[in-house]
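J.: Chain by chain, the residues run as shown.
There are 2 protein chains.
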Amino acid sequence: MQSFEIDKSDLLRVKAALESDDSTLQEVLQQYHSSEIAIIFEKLEPEERERIINILPTVEASGVISEMDEEHHPAELLVSLTPEKRSEIVEELDYDDATDLISQLDEEEQKEILDEIDQEDASNIRALLSYDDDTAGGLMNTELIKVNISYSKNEALEEIIQQSEEMEEFYTLYAVNDHNELVGILSIKDIIKAKKQVKVDELVNKEFVYVKADLDQEEVAKLISQYNLTSIPVVNDTMQLLGRITVDDIIDVLQEENTEDILKISGVSEDEELAGGWRDAVKSRLPWLVINLATAFLAASVIRAYDNTLDKLPIIKAYITIIAGMGGNAATQALAVTVRRISLSNLNDRQAYVTVSKEFLVGLTNGAVNGIIVSMVAVWYDANPLLGLVLFFAMTGNVIVAALTGATVPMLLKRLGIDPAVASSIIITTFTDCIGFLLPLWLATKLLL
Amino acid sequence: MQSFEIDKSDLLRVKAALESDDSTLQEVLQQYHSSEIAIIFEKLEPEERERIINILPTVEASGVISEMDEEHHPAELLVSLTPEKRSEIVEELDYDDATDLISQLDEEEQKEILDEIDQEDASNIRALLSYDDDTAGGLMNTELIKVNISYSKNEALEEIIQQSEEMEEFYTLYAVNDHNELVGILSIKDIIKAKKQVKVDELVNKEFVYVKADLDQEEVAKLISQYNLTSIPVVNDTMQLLGRITVDDIIDVLQEENTEDILKISGVSEDEELAGGWRDAVKSRLPWLVINLATAFLAASVIRAYDNTLDKLPIIKAYITIIAGMGGNAATQALAVTVRRISLSNLNDRQAYVTVSKEFLVGLTNGAVNGIIVSMVAVWYDANPLLGLVLFFAMTGNVIVAALTGATVPMLLKRLGIDPAVASSIIITTFTDCIGFLLPLWLATKLLL
Chain A
1 MQSFEIDKSD
11 LLRVKAALES
21 DDSTLQEVLQ
31 QYHSSEIAII
41 FEKLEPEERE
51 RIINILPTVE
61 ASGVISEMDE
71 EHHPAELLVS
81 LTPEKRSEIV
91 EELDYDDATD
101 LISQLDEEEQ
111 KEILDEIDQE
121 DASNIRALLS
131 YDDDTAGGLM
141 NTELIKVNIS
151 YSKNEALEEI
161 IQQSEEMEEF
171 YTLYAVNDHN
181 ELVGILSIKD
191 IIKAKKQVKV
201 DELVNKEFVY
211 VKADLDQEEV
221 AKLISQYNLT
231 SIPVVNDTMQ
241 LLGRITVDDI
251 IDVLQEENTE
261 DILKISGVSE
271 DEELAGGWRD
281 AVKSRLPWLV
291 INLATAFLAA
301 SVIRAYDNTL
311 DKLPIIKAYI
321 TIIAGMGGNA
331 ATQALAVTVR
341 RISLSNLNDR
351 QAYVTVSKEF
361 LVGLTNGAVN
371 GIIVSMVAVW
381 YDANPLLGLV
391 LFFAMTGNVI
401 VAALTGATVP
411 MLLKRLGIDP
421 AVASSIIITT
431 FTDCIGFLLP
441 LWLATKLLL
Chain B
1 MQSFEIDKSD
11 LLRVKAALES
21 DDSTLQEVLQ
31 QYHSSEIAII
41 FEKLEPEERE
51 RIINILPTVE
61 ASGVISEMDE
71 EHHPAELLVS
81 LTPEKRSEIV
91 EELDYDDATD
101 LISQLDEEEQ
111 KEILDEIDQE
121 DASNIRALLS
131 YDDDTAGGLM
141 NTELIKVNIS
151 YSKNEALEEI
161 IQQSEEMEEF
171 YTLYAVNDHN
181 ELVGILSIKD
191 IIKAKKQVKV
201 DELVNKEFVY
211 VKADLDQEEV
221 AKLISQYNLT
231 SIPVVNDTMQ
241 LLGRITVDDI
251 IDVLQEENTE
261 DILKISGVSE
271 DEELAGGWRD
281 AVKSRLPWLV
291 INLATAFLAA
301 SVIRAYDNTL
311 DKLPIIKAYI
321 TIIAGMGGNA
331 ATQALAVTVR
341 RISLSNLNDR
351 QAYVTVSKEF
361 LVGLTNGAVN
371 GIIVSMVAVW
381 YDANPLLGLV
391 LFFAMTGNVI
401 VAALTGATVP
411 MLLKRLGIDP
421 AVASSIIITT
431 FTDCIGFLLP
441 LWLATKLLL
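Heads up: the sequence lines are chains A and B, in that order.
With the first letter of the first sequence counted as 1, position 55 gets the number 55 in the UniProt record's numbering; the numbers rise by one all the way through.
With the first letter of the second sequence counted as 1, position 129 gets the number 129 in the UniProt record's numbering; the numbers rise by one all the way through.
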């Protein structure tokens, strides 16, 4: 099954099986893992998906639905099923997956489904629905293995076997006192290796990392990655154990946050679905373009202000676009490095200072090198050494400003509590365009007219 | 320990302790997790780091060194220690961490260290050193728990306890035959719950996901994330078990790949260290700027070609920079969405076609809206309706071209086997600048002169 990828032949095989009877279809589906069927689903019609879900055993059907990408609307598929089928599926799902799915429905549909299913499951899901999607509470699973610290080794082992009935993977066990307060963690290895008489209390590690339910998911991801954890317990304000977050859920968080970062830094709204429709894409991108247009008029007004210089020195026209453009490029570079650095760890004052000094030197060097190239073109191609000098200083100056802006703007925004990825690029484009036009035109006016 | 962050006070406390005697320093250090000391290390001098490593118990010392970011040169720190101390540390490290560390040294230093340490450890590390850094083999750990399929429950349990002596976390166990060929996987839960007489062979799951040692790490990450695995076994061509990759190693891979993506798309070389020095930053960014400068001259030549038009219609100068700039913005948006999509999953022909059609509609709509705004300014501010018409068509056309280029260029590059993130932005900038200048100037020459 190495580097398995669903390709066209798989899709065609399933499509063909959909044309024939149920038993043939079942046979073909058996060859696929539920996460693979979820990928095949992306290319199928709603009725075809429904037929497959109805034909699959409940375990696989719920696997497929929980593996489907949100943008292919698994919740709508769920709603389209019969009440019996969807209850079976929801009851089979892990609580966190069921909650994610149900949270995509409107209130009435949520109520309908929760009323149909087992009432213990329903109350667990209702509790999870109360947490924000992007917090530890929204991410956690309530299924975990907990043992009372007063248990002996054998009592604990029995508990583990019993509680693990419905669970998939676990390694860390949580030790609680009689008030369900988390007092320590231990591993299954600790239990297996322990002598018979030993109590859980003697085995637990009382120094452990935990998070409160309202902590932002990005912070949870940072902790898990910093401490190399496979799971982290979630508690309320009085240290009562609510659930656990496992590292595989964190992978999804990281991919999501990284997609958002790359979109925001490019002037796309963070919730644009990568494979979404064109109307949504317009909605997500047009506002940024219009804001950019407004700032572009600002930069254009610099050109208008120097109409006289441009009339007398028409040769500079082509050069100012080069200088402004190079400023934009240099600023984008500094911005990408700084935004990425901020999103991996917070910078303290000294690090911020070091970053700014570094970007100044980078801007000076890169600006000077490009300035020399541009000025050589002006000297040799346009035979105008004085123009070359103006262009050299303008290019160097603009690239320095660009590098400094690219580094400082995101750090300032972060300190002001504004998302640095989202607002930085507009501020920076405006800045480098204005300075990129202003510097050569101003210098040319002073030195060449 | 919730959302623990090392701040200035921690640094000051350690700095102060460094001024006093060993026992005070030891006491202060005891309050920190090794991953926290690794963060504090970023702000300390080499001699200070060395003193702390020498004073820490071996387990913590090796923890700190393995947690240190590569850009703070843990390998140099290791080399600076006495042969005894560094042998202790290397022997304490997981094989994959030890290999990562040693691979950063030059050949002579590698040999020196490997000769000093336990020879079984050394031969394991030598074997791992032979794999490429960014393949499954380079990523895997050779420490895992394997049981022979012929074992009974109790034999297996004994093996697990013995083999887990030096291991941290495990949940999945690997079942091998007498030739060390991987034949199945099972969980520790399966063993605990099994009846006494049961053999491993009856418990294993023979359908499992595995990878070959030479598979690229990005593909490993995709598999782990697609199948929600906590670990994946690594085998050679004859299915012999070589090691396992755990999900926490994948988190580092994902962060690394995502950093590279965001840097490359912004014209920064993928190996620029985010917190590196200014000389490295110049080396990583200057080549891209110079290439961009060359393409900027190409765009500027369009302006020179229309000198006559610009002379007769000076008002259009400010507008062409706006139209070219908006094209650049629209292209960046389409590029970010497409590059991110490609890096999360490969697009088939139909998806590629749908993407291009979508971007055409997005470009048409966004171009037309911005075109209307620009033409209204031309009509009202410059009282030139015909200029407005020219600008409307130029803006719409350029934004359509931009959106199409932003989406098709990365897909084409990907099919040609070129990294789409790295080369796309330059091609796109050149294209949108040239078309952004050409369209309004050509239309103006035809319609307004």
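Do not rely on the hints blindly, as some may be mistaken.
Identical chains share a label here; the pair holds if one copy fits it or two copies do between them.
Calculated lysine-lysine pairs in the DSS-like style (CA-CA distance at most 25 Å, straight line) [what the hints assert, rightly or not]:
#1 Lys43 with Lys414
#2 Lys222 with Lys8
#3 Lys222 with Lys43
#4 Lys43 with Lys8
#5 Lys199 with Lys222
#6 Lys212 with Lys8
#7 Lys195 with Lys15
#8 Lys196 with Lys317
#9 Lys193 with Lys312
#10 Lys196 with Lys414
Honestly, the hints are just simulated from the structure, not real lab data.
J.: Look at each hint and say if it fits the structure.
T.: Each hint, compared with the structure:
1. Lys43 with Lys414: Only across copies: lysine 43 and lysine 414 sit 22 Å apart there, 41 Å inside one copy, limit 25 Å.
2. Lys222 with Lys8: So lysine 222 and lysine 8 pass the 25 Å test across copies only (19 Å; inside, 38 Å).
3. Lys222 with Lys43: between (35 Å within a copy, 20 Å between copies)
4. Lys43 with Lys8: within (10 Å within a copy, 53 Å between copies)
5. Lys199 with Lys222: Answer is neither: 34 Å inside a copy and 42 Å across each miss the 25 Å cutoff.
6. Lys212 with Lys8: between (45 Å within a copy, 24 Å between copies)
7. Lys195 with Lys15: Classified as neither: same-chain Cα gap 57 Å, cross-chain 44 Å, threshold 25 Å.
8. Lys196 with Lys317: Answer is neither; intra-copy 87 Å and inter-copy 87 Å both fail.
9. Lys193 with Lys312: neither (89 Å within a copy, 90 Å between copies)
10. Lys196 with Lys414: neither (54 Å within a copy, 60 Å between copies)
Checked against the numbered hints listed earlier, the structure breaks hints 5, 7, 8, 9 and 10; every other hint is satisfied.
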